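One-letter residues, chain by chain:
Protein chains: 4
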Amino acid sequence: MSHEIDLSKYEIRTDLAIESIEENENIEGIKSVVEKVGDIKITNVVVDKKGSSVINKKIGMYITIEFDDVTDKDNKEKVIEVFSFYFNRMLRELNLTDNKSCMIIGLGNSSSTPDALGPLVVEDIVVTKHLFELGCVGKGFRNVCAINPGVMGKTGIETSNMVKSIVESEKPDFLIVVDALASKSLDRVNKTIQMSDAGINPGSGIGNNRKEISKEVLGIPVIAIGVPTVVDAVTIVSDTINFMHKHYSYMKKNINNPVNRLIPLSSINYLKEKIEIEENDKTKLLGYIGSLNDKEIRALIYEVLSPIGYNMIVTPKEVDFVMKKLSEIISKGINKTLHESMNNT
Amino acid sequence: MSHEIDLSKYEIRTDLAIESIEENENIEGIKSVVEKVGDIKITNVVVDKKGSSVINKKIGMYITIEFDDVTDKDNKEKVIEVFSFYFNRMLRELNLTDNKSCMIIGLGNSSSTPDALGPLVVEDIVVTKHLFELGCVGKGFRNVCAINPGVMGKTGIETSNMVKSIVESEKPDFLIVVDALASKSLDRVNKTIQMSDAGINPGSGIGNNRKEISKEVLGIPVIAIGVPTVVDAVTIVSDTINFMHKHYSYMKKNINNPVNRLIPLSSINYLKEKIEIEENDKTKLLGYIGSLNDKEIRALIYEVLSPIGYNMIVTPKEVDFVMKKLSEIISKGINKTLHESMNNT
Amino acid sequence: MSHEIDLSKYEIRTDLAIESIEENENIEGIKSVVEKVGDIKITNVVVDKKGSSVINKKIGMYITIEFDDVTDKDNKEKVIEVFSFYFNRMLRELNLTDNKSCMIIGLGNSSSTPDALGPLVVEDIVVTKHLFELGCVGKGFRNVCAINPGVMGKTGIETSNMVKSIVESEKPDFLIVVDALASKSLDRVNKTIQMSDAGINPGSGIGNNRKEISKEVLGIPVIAIGVPTVVDAVTIVSDTINFMHKHYSYMKKNINNPVNRLIPLSSINYLKEKIEIEENDKTKLLGYIGSLNDKEIRALIYEVLSPIGYNMIVTPKEVDFVMKKLSEIISKGINKTLHESMNNT
Amino acid sequence: MSHEIDLSKYEIRTDLAIESIEENENIEGIKSVVEKVGDIKITNVVVDKKGSSVINKKIGMYITIEFDDVTDKDNKEKVIEVFSFYFNRMLRELNLTDNKSCMIIGLGNSSSTPDALGPLVVEDIVVTKHLFELGCVGKGFRNVCAINPGVMGKTGIETSNMVKSIVESEKPDFLIVVDALASKSLDRVNKTIQMSDAGINPGSGIGNNRKEISKEVLGIPVIAIGVPTVVDAVTIVSDTINFMHKHYSYMKKNINNPVNRLIPLSSINYLKEKIEIEENDKTKLLGYIGSLNDKEIRALIYEVLSPIGYNMIVTPKEVDFVMKKLSEIISKGINKTLHESMNNT
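Protein chains in written order, with this note's numbering: chain A, -14 to 330; chain B, -14 to 330; chain C, -14 to 330; chain D, -14 to 330.
No wet-lab data here; the hints were simulated from the structure.
With a Cα cut of at most 27 Å, we get these calculated DSS-like pairs of lysine-lysine:
#, chain 1, residue 1, chain 2, residue 2
1, B, Lys309, A, Lys309
2, A, Lys63, A, Lys21
3, D, Lys156, C, Lys156
4, D, Lys156, D, Lys196
5, A, Lys139, C, Lys309
6, C, Lys200, D, Lys139
7, D, Lys309, A, Lys58
8, D, Lys139, B, Lys61
Derived, one-sided and incomplete: chain C residues facing chain D with beta-carbon distance under 8 Å:
#, residue
9, Ile132
10, Gly135
11, Met137
12, Thr140
13, Gly141
14, Met147
15, Glu155
Since we're looking at a predicted model, the values are computed, not measured. No residue lacks a Cβ here, since even glycine has one placed at the ideal position from N, Cα and C.
The task is simple: from the sequences and hints, build the whole structure.
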């Protein structure tokens, strides 16, 4: 049946560079450095021209911050700290000093909770451009403006066009674009922030290709900040099949080891570890499916679910609470970094 | 004391042409025709160059629709009908035929209930521009797009500039601008819709002068649709003083007329009628204040309330419910008029 | 490995009677009749004492209405009609004539979109109890009151206790309880309304067992109305595995049939049909997993996903729009049925 | 005309004890002590049986906190501190020690911004009752539950009845009731918090008399916390007439004093001071109106505005922002005071 699967048909939905590289170690043209701050994991990926063609991601820096629970207040504060630190570093590397003016764009639909990250962040940005024009801004503030352009289904206007015309008239020195993304991994949903200088395709993650918002198009640096807030059913199923392989291999090796009987099952995090799985085990557990590689499995699931309309794109049921916390993290992080005088609040 | 009152200090807050003309009958350069549809009163005012300089309103057509209760469903439907009829007539007079594309701008702050009329209306506009560009629009639909530019305090950007740059890039044939207004009459608040081809000054009614959005500035026809949603304390007090005059005169004349004793007080609408008040009565009732004309009274009240921060701008406490109904009337009226195929829904 | 799977550990999450019976045909003590109105499918299930113990559902009537798209206006109206018809029939069967007073309870958390169905419905219920007490209600209206008790996490109070004390003081003749449910089938999410006279366990579907709201507890008839708005990852995966079996069997049989090559894949709805799958095919396709039955597969997936926190409960990303439409259907349907005079609006 | 004015017709709308006593100094049965914390003024009023009959306020303690701007962050924090201090003192005086359980009731309509104070406060209360029942509460937390019963127009149920039945079943040791109030003074709107142990009449301030929620009715202490968020037109007009008297007297005395010509008008706060006004001045300025006392003026204005529907109840146009800040102050203040362990957050 393998020959029937057309891999090109199912393009994997991901906006995260980290997901594009994770299965391919040592790709030429891609540098990846992982750092840790407490429980928070930061992955710095630099994609050059060569790497760009391999993983189909644009040339640029991609910083991914992975964390666990942001409903906990202390943890939230830590994530804000880490976000500010790396965001500040990116500004410095792009030479966007305090005197450079900034426009922030909140992409997405404010009426749709899982898509409202951009509008929610913009709501809490400290804007100063109008005060700069009146000449009444205190020290330690940058020239900042912010807009929510809305979504094409509600405005009738191509979002990137609207952004382009406002950029041309307001002439900011650089752009920050905030958007909700799609993930191809169940465990990154609402637990990852990516920032990148490679621009963004509004709605690309969720299958509506809009025109690009990037330095090439606009002529000024564009920093894209995104959080994966949705996954599709294909991802959930293929991730689970993967976990089942690991579970099976792990159980097989350890089942007769009496030590394991003393460990509560829930404390075993083997599913997050790299586990060598014998090809033989895979087919034993999952037959023909077990003989396919990840891309083939995804393509097959897509082929099964798509025609009957079941490749639903879903979001965790706690979406309302999580969006609030995530938008707070990003807006506070942006305010702190852009406005020096807000660094201590 | 009269000599101390500087009338220029207190510019009367009104966005309604009807309020600019109501005390001055037969002004040269202003034509005014009143029509009635059931309980609904429509005033058509045309201001030419001469009239414009007299009443400080821009040259153009001003249609004012006055109605009572829009929480009643039947009444609401009637107001939608009347609105559509006059809006359609204005489009025809401006030669804005079905093939002319339209952009709708919702001015105001979506987070502030009395200022959210524009954003609420835009939320329910049927947009089609993106479908026209794909070539997939059925018959009976006009090319329509719609945006909420936000307010300067939240974007940092001069709203009229933002509108100008989007108009230049999207090139609509005409503009509709929807905004909440200020009234200088207590009884018009939330009970009046004004439409005009004379453009608009965002926030002018509530004391924040922004740059104009008009044909002169943008080069295309601009139809402004507004509802007064707020009044200031000065208006409430001066209206009441006026009512007291009328009340006093009426009572004096009728108090000994035994017929009146049979009429319940609440059914007497003499306060809405024109009543000749003797100058003598005025000073008897209100002393020095009674000797002042309307403008002088307003200026005096302003002089008293303003320095102590009590010239509050207020809105009726039912504002949330009323904004819903009013935005529904305007969005339905616009949709029906712009899209021929929606005329029967 | 089969012996390791503890089926009792993973109790299947479903609030729908229809899902409890669908794999077991001809269960003693359960009568099931299917009707069709256009595209809308209505399943009437009656569970008696015997049936109750088999499927672990309480004794009572369960009417399930399945439909497709409620974003389409015509379709929405049809669903309202069907809902009213069957709801009215249930009232008559329970002898809840127009003179019987009704209290409506909206369960769920108004701040969490997928859980807000109950609060949204209550928001639009036409209440009359206070008018009855004043003696000023027109003909054709029933005595109706409605409350949103909130959720325990926000009130600190056991919801069923709060309902019980209000019922005891207000003494309605019967109760209607509206709640968001969990489904164990991907394709029922947001596309099914269940009504039943068997009462409800608030939050039971999503794993938080609260005390029951039922005739047994309250002493008056309780009609529960629910819509499944969430599924867990286990359901998504096990449904997909099932679909894969069907897909495989169907393809094997038809792959060499040249006729099929002319049919676009998307028009084939074989996955919704009952397809006989050979046991042999199952293991060929899915190895060991293929040899398990549905319950065992679910239990295994649960065992894999649960310890690592990946058995997420999810909702389709369009949840905001769908909740609006569904609550409109149910509130209109309830208003029409309870108040005779609203039948023609 | 004076003899025509029926004072009883126009009952002054105020929920604030401070407003009932302010014009009557040294009333027997009323003790009033004023304290200052920076710009914040705190008035402690104790009404005994004798005083109660004079000012038509129930026996009890009334603490009123008056402040200026709560949009300023520092100022907001100070008001929270002061609120907590006096709230804590009231708890101690009522002997409501940490082991006493508390139920918080948010009165008002969550869909109407100026009436949403109660629901907004309850939204942010830290509830613990359900955790106490599970035996899993850390040290420093009190047993607290909280509900929003809704308004009669939306539930059909008399609010006080609903509260009574929940109190009887949940058996808290005392009640806190939070509500939006009406003021009879323009300058107290949104700038005053009153707390009292005298209970509350839901909606009494805005003219809808509901049944009382008080210790007499419920058998447990009831602390009412309220903020005036609305005023009626009568208040605005009569306050302004008062200001005009003061303005006139002040100007007359000072107009020829050259020193005053150097003081900017806006810095003169004479309108807030007690100014002796000669009776003669009053009638000179305001004729017959000037000869009336405050109550008579109010009654007259009411007689004029009421029949034509112009005694509108209004709220400042910034109501959305102010409600957010005020509810934050009260919820934080309550949380800090009830839960000892939250005192340092």
